[in-house]
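So the sequences go chain by chain: A and B.
When the letters of the first sequence are read in order and numbered with our numbering, they come out as residues 168 to 530.
When the letters of the second sequence are read in order and numbered with our numbering, they come out as residues 168 to 530.
Treat each hint with caution, since some may be false.
One copy or any two copies: either way a pair holds, since identical chains are not told apart in the list.
Said to hold, decoys possible - No farther apart than 20 Å at their CA atoms in a straight line, the calculated lysine to aspartate or glutamate pairs in the EDC-like style are these:
id, residue 1, residue 2
1, Lys219, Glu193
2, Lys493, Asp260
3, Lys380, Glu517
4, Lys493, Asp266
5, Lys380, Asp522
6, Lys172, Glu459
If you're looking for bench data, these hints aren't it; they were derived computationally from the structure.
Remember, it's a predicted structure, so these values are computed and weren't measured experimentally.
Number of protein chains: 2
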Amino acid sequence: MQTLKVDVGHTIYPIKIGPGLLGDGELLDSLIPGRDLCVVTNTTVAGLYLEKLQATLGARRGDARRIVHCVLPDGEQYKTLDTVGRVFDAMVDARLNRDSTILALGGGVVGDIAGFAAACYQRGVGYVQLPTTLLAQVDSSVGGKTGVNHPGGKNLIGAFHQPLAVVADTDTLATLPARELRAGLAEVIKYGCIRDPLLFDWLELNIDNLTRKEPEALAYAIGRSCEIKAEVVGQDERESNVRAVLNFGHTFGHAIEAATAYAAYLHGEAVGLGMLMAADLSRRLGWIDAAEYARIRDLLMRAGLPTEAPRIGVARALELMQMDKKVLSGTVRLVLLERLGRAVVTGAYEQSMLDATLAEYCA
Amino acid sequence: MQTLKVDVGHTIYPIKIGPGLLGDGELLDSLIPGRDLCVVTNTTVAGLYLEKLQATLGARRGDARRIVHCVLPDGEQYKTLDTVGRVFDAMVDARLNRDSTILALGGGVVGDIAGFAAACYQRGVGYVQLPTTLLAQVDSSVGGKTGVNHPGGKNLIGAFHQPLAVVADTDTLATLPARELRAGLAEVIKYGCIRDPLLFDWLELNIDNLTRKEPEALAYAIGRSCEIKAEVVGQDERESNVRAVLNFGHTFGHAIEAATAYAAYLHGEAVGLGMLMAADLSRRLGWIDAAEYARIRDLLMRAGLPTEAPRIGVARALELMQMDKKVLSGTVRLVLLERLGRAVVTGAYEQSMLDATLAEYCA
Numbered sequence: 168m169q170t171l172k173v174d175v176g177h178t179i180y181p182i183k184i185g186p187g188l189l190g191d192g193e194l195l196d197s198l199i200p201g202r203d204l205c206v207v208t209n210t211t212v213a214g215l216y217l218e219k220l221q222a223t224l225g226a227r228r229g230d231a232r233r234i235v236h237c238v239l240p241d242g243e244q245y246k247t248l249d250t251v252g253r254v255f256d257a258m259v260d261a262r263l264n265r266d267s268t269i270l271a272l273g274g275g276v277v278g279d280i281a282g283f284a285a286a287c288y289q290r291g292v293g294y295v296q297l298p299t300t301l302l303a304q305v306d307s308s309v310g311g312k313t314g315v316n317h318p319g320g321k322n323l324i325g326a327f328h329q330p331l332a333v334v335a336d337t338d339t340l341a342t343l344p345a346r347e348l349r350a351g352l353a354e355v356i357k358y359g360c361i362r363d364p365l366l367f368d369w370l371e372l373n374i375d376n377l378t379r380k381e382p383e384a385l386a387y388a389i390g391r392s393c394e395i396k397a398e399v400v401g402q403d404e405r406e407s408n409v410r411a412v413l414n415f416g417h418t419f420g421h422a423i424e425a426a427t428a429y430a431a432y433l434h435g436e437a438v439g440l441g442m443l444m445a446a447d448l449s450r451r452l453g454w455i456d457a458a459e460y461a462r463i464r465d466l467l468m469r470a471g472l473p474t475e476a477p478r479i480g481v482a483r484a485l486e487l488m489q490m491d492k493k494v495l496s497g498t499v500r501l502v503l504l505e506r507l508g509r510a511v512v513t514g515a516y517e518q519s520m521l522d523a524t525l526a527e528y529c530a
Numbered sequence: 168m169q170t171l172k173v174d175v176g177h178t179i180y181p182i183k184i185g186p187g188l189l190g191d192g193e194l195l196d197s198l199i200p201g202r203d204l205c206v207v208t209n210t211t212v213a214g215l216y217l218e219k220l221q222a223t224l225g226a227r228r229g230d231a232r233r234i235v236h237c238v239l240p241d242g243e244q245y246k247t248l249d250t251v252g253r254v255f256d257a258m259v260d261a262r263l264n265r266d267s268t269i270l271a272l273g274g275g276v277v278g279d280i281a282g283f284a285a286a287c288y289q290r291g292v293g294y295v296q297l298p299t300t301l302l303a304q305v306d307s308s309v310g311g312k313t314g315v316n317h318p319g320g321k322n323l324i325g326a327f328h329q330p331l332a333v334v335a336d337t338d339t340l341a342t343l344p345a346r347e348l349r350a351g352l353a354e355v356i357k358y359g360c361i362r363d364p365l366l367f368d369w370l371e372l373n374i375d376n377l378t379r380k381e382p383e384a385l386a387y388a389i390g391r392s393c394e395i396k397a398e399v400v401g402q403d404e405r406e407s408n409v410r411a412v413l414n415f416g417h418t419f420g421h422a423i424e425a426a427t428a429y430a431a432y433l434h435g436e437a438v439g440l441g442m443l444m445a446a447d448l449s450r451r452l453g454w455i456d457a458a459e460y461a462r463i464r465d466l467l468m469r470a471g472l473p474t475e476a477p478r479i480g481v482a483r484a485l486e487l488m489q490m491d492k493k494v495l496s497g498t499v500r501l502v503l504l505e506r507l508g509r510a511v512v513t514g515a516y517e518q519s520m521l522d523a524t525l526a527e528y529c530a
């Protein structure tokens, strides 16, 4: 088991990564406070891991714990304010109080919804992330960004609310569909692009081991991703500055997700497309060269990610990008690459270059 | 104009109290940042003050400001997650970004909804409270508690999110219906009961001046109430301990509001009833004497507040009180009076005494 920590000043919490952790009662007991627990999960994950988790938690404390659960429909299109309302309903029905703890058992959608519910229920209860997808284990479960989508844009409603702990049981990846695994690899590739050229090199050598779920390769990719995420979040919890680089590919990707009603692409797939578009714009601006762009494109392809974006139209793409949370006083700020392994957040690009990228991918 | 300040450590903000402040462009300009503003108000207040506020804000900066608004239905029964969704819709429609500012123009319901929308929109934007009811001016606009009701309980969904400033234009009380004014007086009486026996004495002498809206008396009551609230909130923003005394009367009152679907009583009226019940329980426990109980009851009556509670039944009252946010590990903690002017938060009361109080008022 690897142990990392996230230190954002007002709170510090552990990330635990390893096989079999959902069966480790001693570990979970030490990390999960409270008498009353509410497991938030979805229909797919509930069928695979809910009973196991309940057994692990119940086995040690028995009657001292009261465990209720709320099973949501599976899919990004359900990451809405209405679905958060269902979590509140379940918690009120079970008469859960402010000293209850929410457990987010699932992927990024479950974690974002459960974390937001924890931020708002009785003005804030604790929660623990139990990510079961690669994307959640390498990215969304760490850092305290919670929230839901709005028809007008991705993640527009939410809160910063750090979990009490993140417990990534890598055994859960065994049941993860190949498409979901690939979506998670997009975020791993992202860390290489923005912050760690050596990780990018390593990924080029190991991408096939990852797509066939070789445990040692996965453990390294998850650990290194969490290290980078924890470091960046520790420097800038509220995304005043440096944290924004973690959004590489996301402004384009969010526009794609919103334009397709959050139903056609997995988040990681849209981010992969967005990274390609951001890399393309970086190349047009002369910041990275054609060879670097090609390396990024090739790695995304080898990871099995889509490299053809949906033809949503340039105007619609621009309109949706205007709703990005990084927009300040009307200027869309983008995360672009100065070189492979180094990203900047900037509004200082030529609009004609952005138009050209959008024309290439979306027209 | 009186100026007070609220200092919660991570932020300090001013409370401005006085006549004519909604027409003071220089003051509002100095307190409200951002290019894009969203005024959140309700149908009643919009008819009275929205145009005036827009004129004041527009007159100075003209095109430099973009002002949109969202007009909600009027009433505590609309303080729901759905209504917050309407604020989000209006903000997304207007393409408001993270550097926008929300202005809460109205009473406690508007302030709570607008503040919660500000806490969650793009994971947090700034907001300014412009309270137009006595209750909002003396209590709810100060301290950063935001949120909405759930059918199962009052204020169960929300966030702590401090405003950038509170601007209480006392001229707005001229249009306030007598019933609303009386509801606000309940919270003023509360401060006397829990923290300031001299304020209680002053209220006994001045209650008639207040009910007939004598400006000097109102100004003193508002200023002193805000001083006490700012002091308590400054000591304990997140209600870890001392802030809970501000909930005197609220656990009983919230149960009454929930049992009557938030439609029969104004919040202040329910709190007035709750204070009477908390005082009754304090008397039964032998903590205050019959004369002190009678003084509280008499003052509430002279303020024109109801002193007969709805007969919601003891069991239903107890059930709803279980959803109070002060409940810890199943114990309902109540704010009770050790003496007139001094409150404690405690779970150490005899259940039979609570049952007797509920039997007297609710059976």
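We went through each hint and held it up to the structure:
In the homo-oligomer, the alpha carbons of lysine 219 and glutamate 193 lie at most 20 Å apart inside one protomer (14 Å), although the nearest pairing across protomers, at 62 Å, exceeds that limit. For the homomeric pair lysine 493 and aspartate 260, the shortest alpha-carbon distance between copies (17 Å) is at most 20 Å, but the shortest distance inside one copy (38 Å) is not. Proximity of lysine 380 to glutamate 517 under the C-alpha cut-off of 20 Å is found in neither arrangement, the shortest distances being 41 Å within a copy and 60 Å between copies. With identical chains, the CA atoms of lysine 493 and aspartate 266 are at most 20 Å apart between copies only, with a shortest distance of 10 Å across copies and 34 Å within one.
Taking the shortest Cα distances, lysine 380 and aspartate 522 never come within 20 Å of each other, neither inside one copy (38 Å) nor across copies (61 Å). In this homomeric assembly, lysine 172 and glutamate 459 never come within 20 Å of each other (Cα to Cα): the closest approach is 32 Å inside a single copy and 55 Å across copies.
Checked against the numbered hints given earlier, the structure breaks hints 3, 5, 6 and satisfies all the rest.
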